[in-house]
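Here is how the chains run, residue by residue.
Protein chains: 2
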Amino acid sequence: MAQNIYDDETFFKGYSALPRSERGLDGAPEWPSLKAMLPALGHKNVTDLGCGFGWFAAHAAASGAASVIAYDISENMLARAREINANPAITYAQADLDQLTLAAGSADLVYSSLAFHYLSDLKRLFAEISKALVAGGNLVFSVEHPMFTSPVTQGWVKDVHGERSWPINNYLNEGARSSDWLAQGVVKQHRTFATYLNLLTANNVRLTHAEEWGPTGAELAANSALADERQRPTFLLISARKNP
Amino acid sequence: MAQNIYDDETFFKGYSALPRSERGLDGAPEWPSLKAMLPALGHKNVTDLGCGFGWFAAHAAASGAASVIAYDISENMLARAREINANPAITYAQADLDQLTLAAGSADLVYSSLAFHYLSDLKRLFAEISKALVAGGNLVFSVEHPMFTSPVTQGWVKDVHGERSWPINNYLNEGARSSDWLAQGVVKQHRTFATYLNLLTANNVRLTHAEEWGPTGAELAANSALADERQRPTFLLISARKNP
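Line order of the protein sequences matches chains S and D.
Going by the working numbering, the first sequence opens with residue 1, and the numbers climb by one from there.
Going by the working numbering, the second sequence opens with residue 245, and the numbers climb by one from there.
For the record, the hints were derived by calculation from the structure and aren't laboratory data.
Don't take every hint at face value.
Simulated pairs of lysine-lysine, DSBU-like, Cα-Cα distance not exceeding 30 angstroms [unchecked claim]:
no., chain 1, residue 1, chain 2, residue 2
1, S, K35, D, K402
2, D, K402, D, K279
3, S, K158, S, K35
4, S, K158, S, K131
5, S, K131, S, K35
6, D, K257, D, K279
7, D, K375, S, K158
8, D, K279, D, K367
9, D, K279, S, K123
Construct the entire structure; sequences and hints are all you get.
And the structure:
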């Protein structure tokens, strides 16, 4: 069962004030890269795992998707999504992704942004995703990068060589990490990069592209706060296809 | 053109004294994992890129490979290989992997252990590998892990939280890194994990397994010096197949 930190009042307030919450997809620096990894959305049946405020669901619907089923664990998130991103093609539904089952062949595209690292049982969910995808269907997801989630205490340091650095430890020790992000004691699950990749191949899904997101020179010039992302990326983006 | 550090006298002497040089494959802690990623070798045509002292070539020949072409840039390495790992099925040949061309359809298996991170132009070589592989053929390789190669100055630190850690920086800035390993000024090329993966898919080769090598509990009990490998793995192992 996943921790539902999004219904924690302090967390929800902090999350709601993030650029990606207020401004939607354009407030997420990695969105252009993730968007480039998507198939054409017209007439597609889309499943969104961890839909948050529904920004992607609304984008998919506006792009002509036949249907979007958008799941989130948080009633707060869903209430806001129904309010600001309603569309007749979208069905918002409450679900714990650690327990959700999906109908076989129900999805041309399974999409998930920054949700999987909250889940305890990704092996189970990836089997559900594979079952849900039609042959040739697409899986596009982002997670917090394994280098980001690895250390037991996360934070930048100036290393002994004077370089601003992200100290890695316990990389191969997968499991829960507690961090203070918007609220205290937010629990995320650290998994290695290889674990994410092997979950694909074990489920008859083929990697098509991987991106460890960082800003381009132009993005960096426009927003110098992104400089750290080139030192150690926060986001891992993956696209994959169900084998025929 | 790749730096030929292996023909540097100091480096060669140090390298020759490593367990993996003296004891062969059994002296390399990651070998059991890499071996498990190999196809059956019987009757296969094998190309070994960066063969060193020929330990893998000899293993392949002893396992019934029809032929093994084993390339290395270093004449010192090849002389030793011909001396200690000769086999009628093996052809040892000198080549700079940054310039080598391979014959189309010549390989059922392309193997490379800890060589690619010395090369400047992996894009070119992966196109050669793809061309050389028969449909359904296997590519199995290891490289120094991108987390290992990333920092401009490499080394363990005790971070501000008191954890023994590997400080990451410049992860997305690919290119040469100079380190002092066995000799001064050894030049290796840092590439991101995603770059290795996308080189596969761009060349019609499909990822089948990835492993960020670390010791099991039993291996750790037998050799406590391997403990750091669980904090931040040194080796990335990849297996892949040429699409039909």
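Results for each hint:
Between K35(S) and K402(D) the CA atoms are separated by roughly 39 angstroms; this puts the pair beyond 30 angstroms, and the hint is violated. Pair hint K402(D) plus K279(D) does not hold up; C-alpha atoms about 34 angstroms apart against a cutoff of 30 angstroms. A threshold of 30 angstroms between alpha carbons decides the hint, and for K158(S) with K35(S) the separation of about 34 angstroms lies outside it, so the pair is violated. This hinted pair does not check out: K158(S) and K131(S) have alpha carbons roughly 46 angstroms apart, beyond 30 angstroms.
Of the pairs offered as hints, the one joining K131(S) and K35(S) holds, with about 24 angstroms between alpha carbons and a cut-off of 30 angstroms not exceeded. For a cut-off of 30 angstroms, the pair hint linking K257(D) to K279(D) stands: about 27 angstroms separates their Cα positions. With a CA separation close to 45 angstroms, the supplied pair K375(D) and K158(S) exceeds the 30 angstroms bound. Restraint check for K279(D) and K367(D): the C-alpha separation of about 25 angstroms stays at or below 30 angstroms, so the hint holds.
Restraint check for K279(D) and K123(S): satisfied, since their Cα atoms lie roughly 25 angstroms apart, inside the 30 angstroms limit.
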